[in-house]
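K.L.:
What follows is each chain in one-letter form.
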Amino acid sequence: MDVIQMQRTWVEYTKSLYREGFLDSQFAQLQLLQDESNPDFVVEVVSLFFEDSERLLNELTKVIDQQQGVDFKKVDAHVHQLKGSSSSIGAQRVKNACVAFRSFCDEQNIEGSLRCLHQVKQEYFLVKNKLENLFSLERKIVAAGGSVPTEELNFL
Amino acid sequence: MESCNCIEPQLPPDELLSKYQYISDFFIALAYFSIPLELIYFVKKSAVFPYRWVLVQFGAFIVLCGATHLINLWTFTIHSRNVAIVMTTAKILTAVVSCATALMLVHIIPDLLSVKTRELFLKNKAAELDREMGLIRTQEETGRHVRMLTHEIRSTLDRHTILKTTLVELGRTLSLEECALWMPTRTGLELQLAYTLRQQNPVGYTVPIHLPVINQVFSSNRAVKISPNSPVARLRPLAGKYPGEVVAVRVPLLHLSNFQINDWPELSTKRYALMVLMLPSDSARQWHTYELELVEVVADQVAVALSHAAILEESMRARDLLMEQNVALDLARREAETAIRARNDFLAVMNHEMRTPMHAIIALSSLLQETELTPEQRLMVETILKSSNLLATLINDVLDLSRLEDGSLQLDLGSFNLAAVFREVINLIRPIASVKKLLVTLHLAPDLPEYAIGDENRLMQTLLNVVGNAVKFSKEGSISITAFVAKAESLRDPRAPDFFPVPSDNHFYLRVQVKDTGSGINPQDYPKLFTKFAQSQSLATKNSGGSGLGLAICKRFVHLMDGHIWLESEGLGKGCTAIFMVKLGIAECCTESKLPAATKAGMNHARTDFPGLKVIVMDDNGVSRMVTKGLLVHLGCDVTGVSSGDECLRLISQDHHVLFIDVCMHDGYEVARRVHEKLTKRHERPLTVALTANSDKATKDQCRRVGMNGVVLKPVSIDKMRSVLSDLLEHRILL
Numbered sequence: 001m002d003v004i005q006m007q008r009t010w011v012e013y014t015k016s017l018y019r020e021g022f023l024d025s026q027f028a029q030l031q032l033l034q035d036e037s038n039p040d041f042v043v044e045v046v047s048l049f050f051e052d053s054e055r056l057l058n059e060l061t062k063v064i065d066q067q068q069g070v071d072f073k074k075v076d077a078h079v080h081q082l083k084g085s086s087s088s089i090g091a092q093r094v095k096n097a098c099v100a101f102r103s104f105c106d107e108q109n110i111e112g113s114l115r116c117l118h119q120v121k122q123e124y125f126l127v128k129n130k131l132e133n134l135f136s137l138e139r140k141i142v143a144a145g146g147s148v149p150t151e152e153l154n155f156l
Numbered sequence: 001m002e003s004c005n006c007i008e009p010q011l012p013p014d015e016l017l018s019k020y021q022y023i024s025d026f027f028i029a030l031a032y033f034s035i036p037l038e039l040i041y042f043v044k045k046s047a048v049f050p051y052r053w054v055l056v057q058f059g060a061f062i063v064l065c066g067a068t069h070l071i072n073l074w075t076f077t078i079h080s081r082n083v084a085i086v087m088t089t090a091k092i093l094t095a096v097v098s099c100a101t102a103l104m105l106v107h108i109i110p111d112l113l114s115v116k117t118r119e120l121f122l123k124n125k126a127a128e129l130d131r132e133m134g135l136i137r138t139q140e141e142t143g144r145h146v147r148m149l150t151h152e153i154r155s156t157l158d159r160h161t162i163l164k165t166t167l168v169e170l171g172r173t174l175s176l177e178e179c180a181l182w183m184p185t186r187t188g189l190e191l192q193l194a195y196t197l198r199q200q201n202p203v204g205y206t207v208p209i210h211l212p213v214i215n216q217v218f219s220s221n222r223a224v225k226i227s228p229n230s231p232v233a234r235l236r237p238l239a240g241k242y243p244g245e246v247v248a249v250r251v252p253l254l255h256l257s258n259f260q261i262n263d264w265p266e267l268s269t270k271r272y273a274l275m276v277l278m279l280p281s282d283s284a285r286q287w288h289t290y291e292l293e294l295v296e297v298v299a300d301q302v303a304v305a306l307s308h309a310a311i312l313e314e315s316m317r318a319r320d321l322l323m324e325q326n327v328a329l330d331l332a333r334r335e336a337e338t339a340i341r342a343r344n345d346f347l348a349v350m351n352h353e354m355r356t357p358m359h360a361i362i363a364l365s366s367l368l369q370e371t372e373l374t375p376e377q378r379l380m381v382e383t384i385l386k387s388s389n390l391l392a393t394l395i396n397d398v399l400d401l402s403r404l405e406d407g408s409l410q411l412d413l414g415s416f417n418l419a420a421v422f423r424e425v426i427n428l429i430r431p432i433a434s435v436k437k438l439l440v441t442l443h444l445a446p447d448l449p450e451y452a453i454g455d456e457n458r459l460m461q462t463l464l465n466v467v468g469n470a471v472k473f474s475k476e477g478s479i480s481i482t483a484f485v486a487k488a489e490s491l492r493d494p495r496a497p498d499f500f501p502v503p504s505d506n507h508f509y510l511r512v513q514v515k516d517t518g519s520g521i522n523p524q525d526y527p528k529l530f531t532k533f534a535q536s537q538s539l540a541t542k543n544s545g546g547s548g549l550g551l552a553i554c555k556r557f558v559h560l561m562d563g564h565i566w567l568e569s570e571g572l573g574k575g576c577t578a579i580f581m582v583k584l585g586i587a588e589c590c591t592e593s594k595l596p597a598a599t600k601a602g603m604n605h606a607r608t609d610f611p612g613l614k615v616i617v618m619d620d621n622g623v624s625r626m627v628t629k630g631l632l633v634h635l636g637c638d639v640t641g642v643s644s645g646d647e648c649l650r651l652i653s654q655d656h657h658v659l660f661i662d663v664c665m666h667d668g669y670e671v672a673r674r675v676h677e678k679l680t681k682r683h684e685r686p687l688t689v690a691l692t693a694n695s696d697k698a699t700k701d702q703c704r705r706v707g708m709n710g711v712v713l714k715p716v717s718i719d720k721m722r723s724v725l726s727d728l729l730e731h732r733i734l735l
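Protein sequence lines correspond, in order, to chains A and B.
Sequential numbering of the first sequence, starting at 1, is according to UniProt numbering.
Sequential numbering of the second sequence, starting at 1, is according to UniProt numbering.
Just chain B, same shape as in the assembly (with noise of 0.2 Å):
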């Protein structure tokens, strides 16, 4: 409808409703405008709220509405045309603005939704993470208690504290009512209780360990729990109405036997002992998972610490008796070394000292025996001299078991004559056998080699020792004496089992039988008989002058030629035939001849005995070196002198044959290894023999050493050096 500009318009008749409307539409305005002022507000608080374009949107939206309604307001009355203009422009920006809005809040809406979505998510996820800080705190204190109590438990090796500590960390990580540990006893068939927590002394309550509880807990290595009410765990009165509850764990008893390589320790019996845990009564406590896992641990931590502590004490104790082992045997090495050392000193002076006067005794008195004397002066001077070679016979045998007992003594090994041995025996044997009117008989076989390679001087005091017991026992009828080789069947005996002969090609058996018709032997006594120093009584009572070595010396002989000797005998009265086997090397040449102890007659043929042969002699004492010369030149040799080690190897060359060192000079050993080194081809090599005053055991080691050829005992007269040149060419070898 159309209405003028000069006609006012008239107030309708309902004004009131105008009125209100206009007063709403005031209000409205109002609260448009209000509206972005609190927006604005909001859009400068929260810096971090997103859609700020769409608040000033909304704004703009509000402010525009809210103009409009303003505008409104003059439009009740009549208005001009330029309210009306700008009330449609504010009307129509209003639309455009808020259109935009709505088709905004359409993008939007999922966005909001979601952040609404996400914002619940992300409190879910903060719930969880609350949790799971939870646990891992609640297991890093649990952690925390196992490393303090495995610090404890292990801070000590004494079984005793270990188990004590045991029980009482555990009790205060864990605020335990009772703690307590059974041990099996010895027996195994029970448990016993060893330690608890709260009772300090405990009754020494036993329980046999074959419950149903029990062997639930030892079956498994968890924690298990079980009944208050089981014997193990009915500790104490009561405290409550409600007990707590209890737990069971077993502790493996871990020996050193228990770990094999390739077994692992479950695999194998073993001993365990039971610990129990209680809560405490009357509270809601319950037994937690990582509580369980942490007495578990503590079990096996308690094992392991246990075996540690019973290592260490067995090692402490076999390092003690180790110790005390070791005192003692150093004691004994020492008390035995001062032994051996008084011992050697003993028969050093023995050696020297005894022999010299009894050589002077024998020899004076058989000087004597040569001159005129009255009948009881030639008595006398017998019975001086039989005694005096009872004496020399008895030093000389305590001496030789000595060295023979030291393992000391080594035969002489040389080339000689056999049936000469026998004949000397028989000749020395004749004068007492015929005074006591005895007959003595001597059968070589024929197949017995002429010269034989041993032990000449051995072999004659042993055969002289046998056959002088058989004449010495015998009070009438004869003795026979046989000798023949071994042969292989008739080598191995009954009576010796442990004496295997070997035949070969270099060696024989020589088998010796010296038959008697004397007082024959006890069989009580038989195994008496080879013992030094012990006679039977019997043999006691007559004038037996010996030490009762005898036989003890010729077994040992006999030993050292790889031989055997026994007696065999019907019993008393019947006689006795002692037989001997001794090991002897064939001699390949039989040039070899014993010569004459005399050899005066032959003073002016000896020059021919090694003729040409060049000998170099070093010994720094003039006359020794000139002795030892005039000997050589005696027996032909083509001598030369050195008093110098120098001196010797300048001219020592492959043309000399023998070179005599004194060792007792201080280079003497170095000359023959300088010797050695220069000429080394064997046989270009002269043959280096040592002379020296003293022979013992250390001195022939130290030429033998230092490979020189033999050694030769200082004085050396004419026929023992002779001797020596002709073994020394012939074998090339005296040691």
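Isolated chain A, as found in the complex (with noise of 0.2 Å):
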């Protein structure tokens, strides 16, 4: 595949992925702070989202699975930060179902936690793969000599 092909796949990948709702405003806010001097700005963010992230959901399962009464306190702080997280990064369906997931954890409601948690982890492995798929793709424009197009991400 050339370049221009790749970097046309790319817009149409990143396209998709807003349209889709993966991600937001955020995402794009990011990925015009990559620059000369910061060249690999949003890998490293992303990564770190990542890092954070795995480590939040472990958590999460752990508190949730307690057979003796949930500390819901404990949940609605980590369920707070992976919002956080989420919402920095413009992890956008990941966010939404943060929300929704810290309504039930108000209630104290056990089993729209336990489906709030299975709805989030779906979210956040679908956004992981679908960056990694970018970042791949990526890494293959710069490999083969190009350049990543976000100029052409104008719609926003």
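For the record, the hints were derived by calculation from the structure and aren't laboratory data.
Every value quoted in this text rests on a predicted model; they were computed, and no experiment measured them.
We put the CB at the ideal spot given by N, CA and C, even for glycine.
Don't take each hint at face value.
What the hints assert, rightly or not - Now the stretches of chain A that chain B is said to cover, found in silico as 3 or more residues with beta-carbon under 8 Å:
id, stretch
1, 24-34
2, 73-84
As the list claims (entries may be wrong) - Below, simulated DSS-like cross-link-like pairs (lysine-lysine); rule was C-alpha separation at most 27 Å, straight line:
id, chain 1, residue 1, chain 2, residue 2
3, B, LYS700, A, LYS15
4, B, LYS472, B, LYS437
5, B, LYS386, A, LYS73
6, A, LYS130, B, LYS629
7, B, LYS436, A, LYS128
8, B, LYS700, B, LYS614
9, B, LYS720, A, LYS15
10, A, LYS73, B, LYS45
11, B, LYS45, B, LYS116
12, B, LYS574, B, LYS436
Please dock the two separately framed chains into a single complex, following the hints provided.
P.N.:
Here is the structure:
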């Protein structure tokens, strides 16, 4: 595949991510922050997000699976963190799932919380997959000597 | 004559006389001897008699006298010389003693006399004391009766019981035949028989109040004797021939209002009741003074007791009323709170959940528009876009209005280019206007400042609304928009008498007039123009895509900006002019330039925005922190990231210019406060800005309270961050 093809694919893929709501304008902002002096900003932030989220999700699973009563305060705190991180990088669907999760936490509804946790995990893995695809595409473009065409994302 | 011892004295011829003398002397001697015995007996018995010595003397005198007479017996016959000597001695002694006694008697007779007078005096005194005792006893009795009566009267707060008890007790104490109480009627012109002692159910008998006898009683505070034939006293058929004496006394009916501080009840006009007391008929009893006093005292006590009862009734009534009102208010408050809570919950949901899908729809529809579409598809997409725009506007309008009504809406003040606002509005309206073939002209006065301080978005919204209305309601012709600085004279408008604009050095009043040649306004509709949701009939038939909220919202925005908005029209079909005036601040320095929305071209120059600005970012979420840090680095700042309050307080110093704090952290506000405490001088202290995910009033208030300089909504875009930093550095405040 040549560079232009790859670049077009990248643009289409990114647009689709936005369209399908995986990412929102915040992610675009992150992409804007990336420049020559900070070429891997987005990848770094997203990697940090992955680490953080996986840790939080494990914690959440542990806390909710408790037999002797769920500590909703802790759950809420973790979900809050996850919501914060996901909204910082623009992982919209994850963030929305977190919002729903928080409302169940307020009601102290274990059933609902469990459902939401699954939802959040699902969304998280989806977006992780998508982003990893995106990054590998970017790596390929750079390896092929091209540059990632972020200027073409001008509809937001 | 000398008598010799040898010659026997011859019995004188009057022997009989001598014999009688002899016998008399004997008896005298006897008597004389027995009296001392009696005296001794007397002295023995009377220990209190003060003149014992006199008695003894007297006794001696009598004894000696007796002795003399006794010895005399022997002198009737021839007697020896011894007898004569004894006789003489006795006589001498007697003489001495009797003289002594006589002298003594002279001394003691005045004493004895005074004893007598003293005795008389004491007797009189005793009689007097007796009398006084009698009086005191009666007074005591009276006092006791009064106390008992008072006690009875005061032991209840029920008016009826008080009065009944008074009559009963008085009747009992004074043994009255009849006792009655006359109360003034509501009109105050008559006295009505209210209570009587003997008759169980008074007939409801009335008597006019201005009778002379009644006036006489009312004019004095003493009990007054009245004639048994007066109308107030003729209560029952005469039991006997001679009716008993009747006394009447006034009972003041006191009201709360009678008690002025400097004006005792005597001076104010008031109502009296009349108490009439009748002694039993056919008895010789008369009214004694103490009985009258008793009656007066009782009347006063009754007055006081009645007023107490009245006050108590009043206060109980008031208290019940207050309780009812309290309960009702509480209920209303709770209902209002529930309603507000429900409304807030609803708004919170709307705010987030409804806007997101709306934006998604709008964004995606616009995206779709840019792809290759068939004409029908394009039409469809355009319709979708229009409808969703409308819906988005509607949602925003409703949300804005609720917040406006709440009073929770606050203007986002900032510096902006005034002319740009107008140009933007014209650009937005031009497509629609051109479709309708309306000519749109803009005229900005030359003295209009280039930059102003105010809420740019809301001003634009207002302007857009007004101009949009002008376009909407004009089928043809032109729309002309003029804007100029309002001068002092033109500031007052006859249609807005409450509007008192006060120009000052830092502010000016912007006056905007939008004139259209459209359908005009019916004068009848004028009051409803600015009412929410109200649209006049003729307009509703057209495709007026609004909710009727537009002008209402504009009005509120304009009021928030200390201004006024009104419409003028000469009638239907004669066009309409919308005029509004708002207060804007004059921008001090005009270096503030509105940055173009798309800054992607300027990406590489962004590094020079804020060179060397030392910033600390405090956020416990690693990803957030990294993003914010990246943002600030991109803008050229020298950023340090910290993840805890302690670390932040350790690192913060006066060299740092700005501190961003994620206030969702548990110690976010605390850190802000401690920073202020640590670095107290304003020019040394770094500016503190809160980063938060919710922008509600409570958060803003809390930030203001701890002294933060600004609040920023997460997540932050580059432009937003840039404008935040510029505003902050220029004005030192964002809130």
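K.L.:
Please go over all the hints and tell whether each is borne out by the structure.
P.N.:
Hints, one by one, checked against the model:
Counting residues of the stretch 24-34 of chain A whose C-beta sits closer than 8 Å to any C-beta of chain B gives 6, which meets the bar of three, so the coverage hint holds. By the rule of at least three residues with a Cβ nearer than 8 Å to a Cβ of chain B, the coverage given for the stretch 73-84 of chain A holds, with 4 such residues. At most 27 Å may separate the alpha-carbon atoms for a hinted pair to count; LYS700/B and LYS15/A exceed this at roughly 36 Å. A distance of roughly 12 Å separates the Cα atoms of LYS472/B and LYS437/B; the hinted pair therefore holds under the 27 Å criterion.
As the CA atoms of LYS386/B and LYS73/A are separated by approximately 44 Å, the hinted pair breaks the 27 Å bound. Simply put, LYS130/A and LYS629/B have alpha-carbon atoms about 25 Å apart, close enough for the 27 Å limit, and the pair holds. Restraint check for LYS436/B and LYS128/A: not satisfied, since their Cα atoms lie roughly 51 Å apart, outside the 27 Å limit. A threshold of 27 Å between alpha carbons decides the hint, and for LYS700/B with LYS614/B the separation of about 25 Å falls inside it, so the pair holds.
For a cut-off of 27 Å, the pair hint linking LYS720/B to LYS15/A stands: about 23 Å separates their Cα positions. Proposed proximity of LYS73/A and LYS45/B is contradicted: the alpha carbons are some 115 Å apart, above 27 Å. For the proposed pair LYS45/B and LYS116/B, the alpha carbon gap of about 21 Å is at most 27 Å, so the pair holds. Distance restraint check for LYS574/B and LYS436/B: the Cα-Cα separation of roughly 18 Å lies within the 27 Å cut-off, and the hinted pair is therefore satisfied.
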